[in-house]
Amino acid sequence: MIKDVVKLSVKGVAIEFDHDRLASILGIPGKNGICKYIKDVWEESKYTKPLEITRRFANNETLTAARRVKSGEMKPFQRFIHFFVMKNMIPRFGKRDTSSFMDLTYMDHLMARRLVNLPRVMMRHMSYVISMKDHELPYGDWLTMVFEEFGVPLVAKNGEERKRYDYFEETFLTMCKLTRENGVWWVGTGENRRRDDVVNAPEEKDEEEGGN
1 MIKDVVKLSV KGVAIEFDHD RLASILGIPG KNGICKYIKD VWEESKYTKP LEITRRFANN
61 ETLTAARRVK SGEMKPFQRF IHFFVMKNMI PRFGKRDTSS FMDLTYMDHL MARRLVNLPR
121 VMMRHMSYVI SMKDHELPYG DWLTMVFEEF GVPLVAKNGE ERKRYDYFEE TFLTMCKLTR
181 ENGVWWVGTG ENRRRDDVVN APEEKDEEEG GN
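Residue numbers (the numbering used here): 1 to 212.
Rather than coming from a laboratory, the hints here were simulated on the basis of the structure.
Where a beta carbon is used, it is the ideal one built from N, C-alpha and C, also for glycine.
Please note: incorrect hints may appear among the correct ones.
In silico lysine-lysine, DSSO-like type, Cα no more than 27 Å apart, as pairs [unchecked claim]:
| id | residue 1 | residue 2 |
| --- | --- | --- |
| 1 | Lys11 | Lys87 |
| 2 | Lys31 | Lys87 |
| 3 | Lys31 | Lys49 |
| 4 | Lys46 | Lys75 |
| 5 | Lys7 | Lys87 |
| 6 | Lys133 | Lys39 |
| 7 | Lys95 | Lys70 |
| 8 | Lys49 | Lys7 |
| 9 | Lys39 | Lys87 |
| 10 | Lys95 | Lys11 |
| 11 | Lys49 | Lys70 |
| 12 | Lys39 | Lys7 |
| 13 | Lys49 | Lys11 |
| 14 | Lys75 | Lys87 |
| 15 | Lys7 | Lys133 |
| 16 | Lys49 | Lys75 |
| 17 | Lys7 | Lys31 |
| 18 | Lys7 | Lys46 |
| 19 | Lys39 | Lys49 |
| 20 | Lys70 | Lys87 |
| 21 | Lys39 | Lys11 |
| 22 | Lys39 | Lys95 |
| 23 | Lys75 | Lys39 |
Simulated restraints, written as ranges between beta carbons of each label pair [claimed, not checked]:
| id | residue 1 | residue 2 | range |
| --- | --- | --- | --- |
| 24 | Ser9 | Lys46 | 37 to 45 Å |
| 25 | Asp134 | Leu51 | 32 to 40 Å |
| 26 | Glu149 | Ser71 | 33 to 41 Å |
| 27 | Arg113 | Gly27 | 18 to 26 Å |
| 28 | Leu154 | Asp97 | 26 to 34 Å |
Make the full structure from the sequences, and use the hints.
In structure tokens form, the structure reads like this:
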């Protein structure tokens, strides 16, 4: 089993944690679920069918080969899920209007309500970004909890404004079939309805990771 470990120094404080420690700090499950990390090769597996996924998110059943999908090809709720994945699960810099193979894979898992091992996905992504050397460490908001756990002195950035793409306007949320209830947005009726059933698919992992 490969056990990713992140080691770094922040403001003179040495930090080291693995997937289990990260899950504990964030207070989210990290023992089971899908955690396959995909970069340049999009392989078919039990839950990942590249051509089917491409057709679904490109909304084009005539496609004959798997490829990346532009956000303009997606339906509103698919774009909403794409934004969530690339901002929270697998954050990155650069182009945001085209999905990566990994974006599409995890978009499909989320919409199919398959259980995802988020702490392990985060560990794999951070390890990859750190290996690139010139890239900034992702998950800034999430890692605030990690830094606090290790006693790193943090200074809040007062008055920092969010960029335009960090917001969803009410018109767009309505297009996603989301409705308001008690002042809170939630998934409405139809294919995007709110459901509590989650498919546990623990065997969809990188082969070298084996068990958990």
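Open item on the list: Let me make sure I understand: some of the numbered hints might not hold for this structure. Which ones are they, in numerical order?
Closed with: As far as the earlier hints go, 8, 10, 13, 18, 21 are violated by this structure, in ascending order.
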